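Q: Sequence:
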Amino acid sequence: MKTLTQTIAKSFSSRAAFAVLILSLLGPTTARAQLVSSGLAVQNPDWEILITDFGYADLALDRRAGFLGREFLSGEWAAAVFYSGGSNPTGPVWFQPQWFFPDWVSNSDFLVEKKVGIADPFNPKNADGFLVFQSVIANKDLRVTMTYEMLDSKTGIEQGTAPASTGGPGAKLTSNRYVYRQTYKIENISGAPLANLKFYQFLHGLQTATSVYDNRDYGGTMGEYRYDNTQQGDVYSFDTRSGEIVQHSDTLCFHAKMTPSAWEVGYYGKRPTDDHVIGKPSVGVHLSVERDDLSGLDLFDPPEDRWVSGAQRFELGTLAPGAMTTIDVLLTIQTSFVVKFAGVNIRAHKFEFKDKKFIIHFRETIGGPVGFILRTSADLQKTPFSSWEQVPVPYNFDPRKPGEFWFEAPDDPPAPRKFFLIQPVLN
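If you read the sequence shown in the numbering used here, its first letter stands for residue -14, the second for the next number, and so on.
Source of the hints: derived by calculation from the structure; they are not laboratory data.
Fair warning: this is a prediction, and the values are worked out from it, not measured in the lab.
Just so you know, not all the hints are guaranteed correct.
[Claimed, not checked] Cβ-Cβ distance ranges computed for the label pairs, FRET-style:
# : residue 1 : residue 2 : range
1 : LEU284    : PRO30     : 30 to 36 Å
2 : GLY54     : SER267    : 52 to 58 Å
3 : ASP396    : ASP277    : 56 to 62 Å
Note that beta-carbon positions come from the ideal geometry of N, C-alpha and C, so glycine has one too.
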């Protein structure tokens, strides 16, 4: 955290004293869902993914210096199955019951048999030195044992970025070094054959703007995982080491080595109908999964530049009673950044107290892609500053005066002393 760049205290009446604290950098705030997602962190030195008991993730987070906690995924990593026999589900069934950001409840009928934890306490690490985790879920017909681990590819693996239908040699990026692998072992516990078993993997990256399905063989390390859904987008963040605002180019890719029988790229919600906070998105690839009707679209580049997703379907055949089958998928990240703005420079220059409001006028002189929130506390020693209460008022601006802003904070309830903090946040 950067130090305070300006502290101003002023008495506006015989009873009220106020101080305004300007933070040059507290770090960006990120909108979150009404519910708080959770999961066990499967980590490598560069990033981590938070996996639930059902093999679902809402978050993949940066672990690099300067960007700790920055969200790569903040979307959905989820799986579903469909089959005939047993309970005869009417359509594909998701593993994860409760989805996050946006919050909605799926059609899952799976329950947890073994919570996510170390797979083998006596041999906890794989050959690359990473911990291996496992969880088990089941419904009346299937038991699914899921294994989660990071791998060290040393070189990165190829991420296909050209739509399969365009032909030709294609195009690719090479991922960063570390690879996440999730393995599903699916067992028939129904006591009767289960036919037409299908498995679906779904990916949505919140900040990604394009989604592509590419099936070319680009070779290289782990080149057998050639069936790719690749999602790309740009996002701003603060570099907490310098205070600079940087633009990240992030690529998320899930890879399969089994040939899919169907695929689709498309929306996961669409503005203004969906708000991406609460409620199942009204349009998107997730609905195609639920209908078992993936369209085969292999390039999606929407005008909104936001909320894209992708899925693949795999045919696993018939499972005899007690039989098992296995499928695994990979998730990789490729990320780079450039410095776009020197940082944030806020200067408070005028204060008023009228109509039971404390009015704070301030300037931001660099002009980066930032907004502002106002926090308050009765105790200056209360830290961290992010724990200060957010004042539910917007910042105001005059379009005729670029860089000029003000807050109007109500003096309600009245207090003998208040401290205010202006925090820059990325738009």
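Q: Each hint should be assessed against the structure and marked as holding or not.
A: Tested hints:
1. LEU284 - PRO30: 30 to 36 Å: holds, 33 Å
2. GLY54 - SER267: 52 to 58 Å: violated, 30 Å
3. ASP396 - ASP277: 56 to 62 Å: holds, 58 Å
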